[in-house]
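K.L.:
These protein sequences, in sequence, are chains A and B. In case it helps, UniProt numbering puts the first sequence at residues 1 to 482. In case it helps, UniProt numbering puts the second sequence at residues 1 to 252.
Watch out, some of these pointers could steer you wrong.
As the list claims (entries may be wrong) - Taking CB as the label site, the calculated pair distances span:
(1) B:Lys139 with A:Glu164: 32 to 42 Å
(2) A:Gly402 with B:Ser57: 35 to 45 Å
(3) A:Tyr80 with B:Glu12: 28 to 38 Å
Said to hold, decoys possible - Heads up, simulated DSSO-like pairs for lysine-lysine below, C-alpha to C-alpha not over 27 Å straight-line:
(4) B:Lys122 with A:Lys455
(5) A:Lys471 with B:Lys14
(6) A:Lys77 with A:Lys46
(7) B:Lys129 with B:Lys165
(8) A:Lys426 with A:Lys412
(9) A:Lys426 with B:Lys139
(10) A:Lys459 with B:Lys110
(11) B:Lys182 with B:Lys129
(12) A:Lys459 with A:Lys471
(13) A:Lys297 with A:Lys426
(14) B:Lys125 with A:Lys459
(15) B:Lys139 with A:Lys455
(16) A:Lys459 with B:Lys139
(17) A:Lys77 with A:Lys57
(18) B:Lys108 with A:Lys471
(19) B:Lys165 with A:Lys471
(20) A:Lys455 with B:Lys125
Hints listed in this document are in silico derivations from the structure and should not be mistaken for laboratory results. Built from N, CA and C at the ideal position, the CB exists for glycine as well.
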Amino acid sequence: MATTDNEVKELIKREYEHGFVTEIESETFEPGLNEDVIARLSAIKKEPEWMLEWRLKAYRRWLEMDEPDWAHVGYPKVDYNSISYYSAPKRKEDMPQSLDEVDPELLKTYEKLGIPLHEREKLAGVAVDAVFDSVSVATTFKEPLAKAGVIFCSISEAVHDYPELVKKYLGTVVPQGDNFFAALNSAVFSDGTFVYIPKGVRCPMELSTYFRINAANTGQFERTLIIAEEGSYVSYLEGCTAPMRDENQLHAAVVELVALDDAQIKYSTVQNWYPGDEEGKGGIYNFVTKRGACIGKNSKISWTQVETGSAVTWKYPSCVLRGDNSVGEFYSVALTHNFQQADTGTKMIHLGKNTTSTIISKGISAGKSSNAYRGLVKFGPGAEGARNFTQCDSLLIGDRCGAHTFPYIESKNKSAIVEHEATTSKVSDEQMFLCRQRGIDPEQAVSMIVNGFCKEVFKELPMEFAVEAGKLLEVSLEGSVG
Amino acid sequence: MLSIKNLHASVEDKEILKGINLEIKPGEVHAIMGPNGSGKSTLSQVLAGNEAFEVTSGEVTLNGENLLDQETEERARNGVFLAFQYPVEIPGVSNLQFLRTAVNAMRKHKGEEDMNAAEFMKLAKEVSKQVDLDPAFLKRGVNEGFSGGEKKRNEIMQALLLQPKLAILDETDSGLDIDALKVVSDGVNALRSEDRAILMVTHYQRLLNHIVPDYVHVLAGGRIIKSGGRELALELEEKGYGWLGIKDEASN
Ligand SMILES: Nc1ncnc2c1ncn2[C@@H]1O[C@H](COP(=O)(O)OP(=O)(O)OP(=O)(O)O)[C@@H](O)[C@H]1O
Ligand SMILES: [Mg+2]
């Protein structure tokens, strides 16, 4: 009957809950990037020689690369020499030996963020690694995990303690020269998480990492490496927040997953970096390379992501399905509002026989935001009997936002089957009127409709986080109705 | 209970309601009949507060309180219920969740505690039986893929759940088979009570065999041009709208 903009008018005035800054003493590099900076970084972390060499090699590659400009996003060019490449909370001792030694200010920060760091306060059965600016601050639940043979630690620790594993797998899924941001990350990655699940082990709890950017003018370049040996299983979740700042900040992470025969990795993300204010000022540039390799037969990698934050997002969690019968999944909810821009999607590279992949992408745009799905489904010559199912749905709130879909399919095998479905819908005035006629608040109505739209993705998230994700959408949509 | 005085409303600068006057007392059932396009749904939507329509003049009160300056959801919480002629679908939102959200919004307004999921489930199952809808419908998306008749039964189920003061039923009888008409009529009759008013839009006098109205009004060209008792509907059925001096649009 009426037009949607009558009912669902302005998408503004959302409060970003996590926008506080923590006052702690920290050690921060002067802005700028060169080989010396990398050497200093490596020295601070007391890295072995091979690690420094690896970084420098990546740096030299990076110098020769150009920043990509093909994503459906626009942003002022980043000056890579105005960024500080290392910032860490200053510690009296070398490393905190237990939670009691962690700076109370830091613990308070995590408390504010609702992160259950203390064992007693923790969500039952969730082990947490917290990365604050450039360093990993505390890892909980180490003991019970160790009993199961699971390694869950910061990547810096892993470089010292498990160099063979790191050497064997680092950069095998996302090579140093894969893309501009991956090369930069390989040169300057500061910390991140390392997970190793031994053969036949089902990880006894959900593992999770929370990332937080605190210091101004710093970039966060975390690196995550997860290895699931034969027949093992792990579910991993990451959450992200940042303070409100007028300047844009860069986040360029690399995540590599490796699944051997019959192994399963479930990787979930709730990304809520500061999106910038309602005029589009500030916010995080989130340029992330996430890729999983199903190298073993019958292995499976699932990516589930709920992306509500960041000013600009450029992210394509992908699966390389090398092992026969391996399975790749991508479930995504990406919400943009105000001036946010997201270009996200996935790549499913089918190499092995009878490999299957599923892509469910839900894009929600409100305000003046722009939301693009970009997906590549590729079948190599050996991908006999491989199949993909893709479903891409867009939901528009108001009429000043945009949704775009860019599906790419490349097939070198005639037996491969692709199914693709795409829809675009709007939160209609009729739907809003029905809800309100039944006594429901307009904001609650929008949130209910949006949650309904995302249901297929939310059901893939671990229980506690599905609830969290629903709430996050609600907060993100605050002020979206006039 | 409901008092409408000289109500004028337009959509996109076209006047649709041209001076409606209507009084409904608690316990009464009023039927509104009239040709297609005469403004019956417009009247229903305007009472419920659809912002697509602009009220240009007139007054509407419910139990003495001005309805026109209330938001749609406030009117709903104050007891106005509209069963839609064309119920809209909300994919992905389960009927159960939608109904519970609605019931709890009403309860909150009355200062009552939320109903928990288990309690609500029990209640919802009861009312769904009352309108002969399989409880499986509670799990489906709101009106998603429902047949025409199922949508109408779903509307009556909502009225039974929400127990409004004023129930406006816009052609809840159209598109129903004979058995469903009986079920829906039973539902409406169950709603009948001394402290509730019912305004029922219909084209068919057969509905009025099941739900016997206290008054029948003929709406044509945006005005109520004739009012009477139950027998007016019979007369209309026999003679069409022509004898009232208006073009008989309903029968072509
Ligand atoms: N959003 C709108 N835009 C333009 N015209 C409208 C709109 N809504 C209603 N109208 C017009 O208002 C008039 C009255 O419509 P209404 O739906 O109230 O009729 P009705 O009496 O309910 O008819 P029916 O018996 O067919 O249901 C019609 O001419 C219709 O085309
Ligand atoms: Mg009508």
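K.L.:
Against this structure, judge whether each hint is valid.
P.N.:
Status of each hint after checking the structure:
1. B:Lys139 with A:Glu164: 32 to 42 Å: 52 Å, violated
2. A:Gly402 with B:Ser57: 35 to 45 Å: Once the Cβ atoms are compared, 41 Å apart, the range 35 to 45 Å for Ser57 (chain B) and Gly402 (chain A) holds.
3. A:Tyr80 with B:Glu12: 28 to 38 Å: Roughly 55 Å apart at Cβ, these two residues miss the hinted range, so it is violated.
4. B:Lys122 with A:Lys455: Distance ~24 Å between Lys122 (chain B) and Lys455 (chain A) Cα, so the pair holds.
5. A:Lys471 with B:Lys14: 43 Å, violated
6. A:Lys77 with A:Lys46: 33 Å, violated
7. B:Lys129 with B:Lys165: Holds: Lys129 (chain B) and Lys165 (chain B) sit about 22 Å apart, inside 27 Å.
8. A:Lys426 with A:Lys412: 37 Å, violated
9. A:Lys426 with B:Lys139: Holds. Lys426 (chain A) to Lys139 (chain B) sits at ~23 Å (cutoff 27 Å).
10. A:Lys459 with B:Lys110: 34 Å, violated
11. B:Lys182 with B:Lys129: 14 Å, holds
12. A:Lys459 with A:Lys471: 14 Å, holds
13. A:Lys297 with A:Lys426: The given pair, whose Cα atoms are some 42 Å apart, is violated under the 27 Å limit.
14. B:Lys125 with A:Lys459: 25 Å, holds
15. B:Lys139 with A:Lys455: 13 Å, holds
16. A:Lys459 with B:Lys139: Answer holds: Lys459 (chain A) to Lys139 (chain B) is near 15 Å, not above 27 Å.
17. A:Lys77 with A:Lys57: 24 Å, holds
18. B:Lys108 with A:Lys471: 20 Å, holds
19. B:Lys165 with A:Lys471: Violated, at about 34 Å.
20. A:Lys455 with B:Lys125: 23 Å, holds
Figure legend: structure checked against the earlier numbered hints; hints not met, in rising order: 1, 3, 5, 6, 8, 10, 13 and 19.
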